[in-house]
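Peer 1: Single-letter residue listing:
Number of protein chains: 2
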Amino acid sequence: MKKVAIVASGIIKFNKSEKPLESLMLSSIRPIFENTKNLKQEDVDVVLTSTNANRNYLANIISELSGIKPKISHSVESLCNSGTNSLVSAYAYVSSGLADVALVTGADKAENPGLVLHWDMSRGEYQHPIFWSSMFTSAHMRKYGTTLEDLAYVSVKNHKNALDNPYAYFEKSFSLDDVMNSKNLAENLRLLDCSMPCDGAASVVICSEEKAKKFTDNPVWISGIGQKTISASFTKNNDLASMESTKSAVGDAYHMSNKTADDIDVVELHDAFSICEIIELEDMGLCQKGQGSKFVRDLYDTNNNKVNPRGGLIGAGHPLGATGIAQVIEIYQQLSGNAGKRQVCNAKTGLVHNMSAGSTSSTVLVLES
Amino acid sequence: MKKVAIVASGIIKFNKSEKPLESLMLSSIRPIFENTKNLKQEDVDVVLTSTNANRNYLANIISELSGIKPKISHSVESLCNSGTNSLVSAYAYVSSGLADVALVTGADKAENPGLVLHWDMSRGEYQHPIFWSSMFTSAHMRKYGTTLEDLAYVSVKNHKNALDNPYAYFEKSFSLDDVMNSKNLAENLRLLDCSMPCDGAASVVICSEEKAKKFTDNPVWISGIGQKTISASFTKNNDLASMESTKSAVGDAYHMSNKTADDIDVVELHDAFSICEIIELEDMGLCQKGQGSKFVRDLYDTNNNKVNPRGGLIGAGHPLGATGIAQVIEIYQQLSGNAGKRQVCNAKTGLVHNMSAGSTSSTVLVLES
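Protein sequence lines, in the order shown, are assigned to chains A and B.
One rule links them: number in my numbering = place in the first sequence (from 1) + 1382.
One rule links them: number in my numbering = place in the second sequence (from 1) + 1382.
Bear in mind the hints are in silico, worked out from the structure with no lab data behind them.
Treat the hints with caution; some may be incorrect.
It does not matter which identical chain is used: a pair holds within one copy or between any two.
[Said to hold, decoys possible] Listed next, the in silico SDA-like pairs over lysine to any residue satisfying Cα-Cα at most 25 Å (straight line): (1) Lys1422 <-> Gly1633; (2) Lys1629 <-> Asp1425; (3) Lys1422 <-> Glu1626; (4) Lys1629 <-> Pro1548; (5) Lys1401 <-> Pro1495; (6) Lys1422 <-> His1500; (7) Lys1595 <-> Glu1416; (8) Lys1593 <-> Asn1417; (9) Lys1384 <-> Glu1592; (10) Lys1385 <-> Asp1482; (11) Lys1688 <-> Pro1548; (12) Lys1629 <-> Glu1424.
Quick caveat: nothing in here was measured; it's all calculated off a predicted structure.
Construct the entire structure; sequences and hints are all you get.
Peer 2: Right, dumping it as structure tokens:
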């Protein structure tokens, strides 16, 4: 198994616009070739596109418009963790030796499919993600005494972090009162507990160890990968105060990288809703089970931005196919010392957590400088 | 790089039906678990779905309905070679060591998108594949003197081969006159020169060398892989009597497997139209350039079914996302001695060729018993 490094990235400001999906992707790819020393289109032998949009032959269209004639090109779809699925797929190509350099680009528009889970009859009328979020929230409140104020801290913290992220959808801070008084969408779920669908695109280049030094002096290594699919439908999740696929994936990622939660300096996790951040911190061992709320409050009180430094999904917005890649870019920038105002001091080891549909599937990555 | 084997397959009769895509996929998966010794759902750690249908989270839905909780699950799309793209992706997972056992399932319905290339403005009004096929045909006729009768032999031969394939869409033979007199759709292109969109599904299981012996006594090894993307739009193909992506892909596949065209005992190639078989035989070195027509006539005259023994796309039908996987299954069955009436004698080494959109991209695989 060859070592695989992240060597370049490009991202656009998450927004809402009239631009087509393809333009968004290309706008995130262009700066990669402009800014990466020695990287030419002819170096790229894999192009994978990640999106929930209904497109055909998108990876070929993006390849042609980018001037790339890769060996391998196709689209990858797995709802909200399409981005990390495409990244892990590219990792497999490089690690197996089938390819040397892979471009992975993800994009979605706010109105693209994937947000409402029409196929899931187990949800009855409640096919919008706010309903599983509401159930997770209520279960965690019952079991661990989590309060609506605890949840509000997640949103306040992540919106605050997003102020230092020039690519975030939100550009303003919210107070605890703002969140507590925002519109109630479902039981124990307010508007400002939710991440926002928006337009966005993000791209990364990964490559083999031999190629990495040609393109950068600061590669970041993908040292741990864990993925797990429990189901497609929500009723298969037995304990609603926990995420089974996340626990499985993080165990595999720690094992592969020979790291533990104690080694993690910075993390981007999938805060589709406030409750997700609390449960995921617990399930990934970053705090004890039931202590997620306290952990978030401590981060807020000490002005510590090590969890979702770019603002997470709540602060940065959630363009489905781009999200996983944007998370990877944040940790890549943190570990290569290029995170600007968001820089977490001495960050050497980072974690990415990306999931779909109420954690029916999860991806966890360990990255190292 | 770990060795990777094909160890099981399932396929349904290609047809037109009212059944949803998901049912087709599941019908091709069920016999795999019924017929493969020791293979249990819990052995499978990758589920990849290949389709042109507009679906979200399909790989998770298929996983759940099949009783599988894989590590990795997502959909792969690349038009007509989605099937081999998903297979190569699964190969990369197993070969890299990220997974041990992968289920790859492909399906499409006749009416699914992917047939008409709406995005390709370079085609003007001629976005249906019959128009690139007509241009390929005319170019080959001008350059090499290929005749309409030569083309008809491809169709007659492949429909004849399909009679021995119980899963083929067509169940009748056609005479040379039938093809010559079939409806003219475009210049030098008749209805019976075309493959037919239809419903179909096909699934294979691939795994690491260590696992292979647990599941079968007759594994077939994936020893060569070549893939190449030239473009998405048709105008990028410079020589219309040749397929640039196919030439590149077959060179890489032969190189990786340390085989040449002389070693190939049996081949499934992408005869979307009659002219494709002729050009591909030439471009893959199975005969000299310009000799494809003669080669096909010789096969027909000597009753030799080594090229497209299952009937190819013309005889078996073309359910886009299933086609590449059905081609792989045919060569798997041939090399494991399980091709029934279609069995090519002493077949040890086989070739699969799968392409998209006028050969703007191609996949070539070398398989060995």
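Peer 1: Now look at each hint and say whether the structure bears it out.
Peer 2: Now the hints, each set against the structure:
1. In this assembly of identical chains, the alpha carbons of Lys1422 and Gly1633 lie at most 25 Å apart only when taken from different copies (23 Å versus 37 Å within one copy).
2. In this assembly of identical chains, Lys1629 and Asp1425 lie within 25 Å of each other by CA distance solely across copies; the values are 20 Å between and 37 Å within a copy.
3. Only between protomers do Lys1422 and Glu1626 lie at most 25 Å apart by alpha-carbon distance; the minimum there is 21 Å, versus 42 Å within a single protomer.
4. In this homomeric assembly, Lys1629 and Pro1548 never come within 25 Å of each other (Cα to Cα): the closest approach is 32 Å inside a single copy and 46 Å across copies.
5. Taking the shortest alpha-carbon separations for Lys1401 and Pro1495, both the intra-copy value of 17 Å and the inter-copy value of 23 Å come in at or below 25 Å.
6. For a Cα distance limit of 25 Å, the shortest separation of Lys1422 from His1500 qualifies neither inside one copy, at 42 Å, nor across copies, at 30 Å.
7. Only within a single protomer do Lys1595 and Glu1416 lie at most 25 Å apart by alpha-carbon distance; the minimum there is 18 Å, versus 50 Å between protomers.
8. Proximity of Lys1593 to Asn1417 under the C-alpha cut-off of 25 Å is restricted to the intra-copy arrangement: shortest distance 17 Å within a copy versus 45 Å between copies.
9. With identical chains, the CA atoms of Lys1384 and Glu1592 are at most 25 Å apart both within one copy (9 Å) and between copies (20 Å).
10. Taking identical chains as interchangeable, the C-alpha atoms of Lys1385 and Asp1482 lie at most 25 Å apart whether they share a chain (11 Å) or sit on different chains (19 Å).
11. Taking CA atoms no more than 25 Å apart as the test, Lys1688 paired with Pro1548 passes inside one copy only; the shortest distance there is 17 Å, against 60 Å between copies.
12. Taking the closest pair of Cα atoms, Lys1629 and Glu1424 come within 25 Å of each other only across two copies (18 Å); inside a single copy the shortest separation is 40 Å, beyond that limit.
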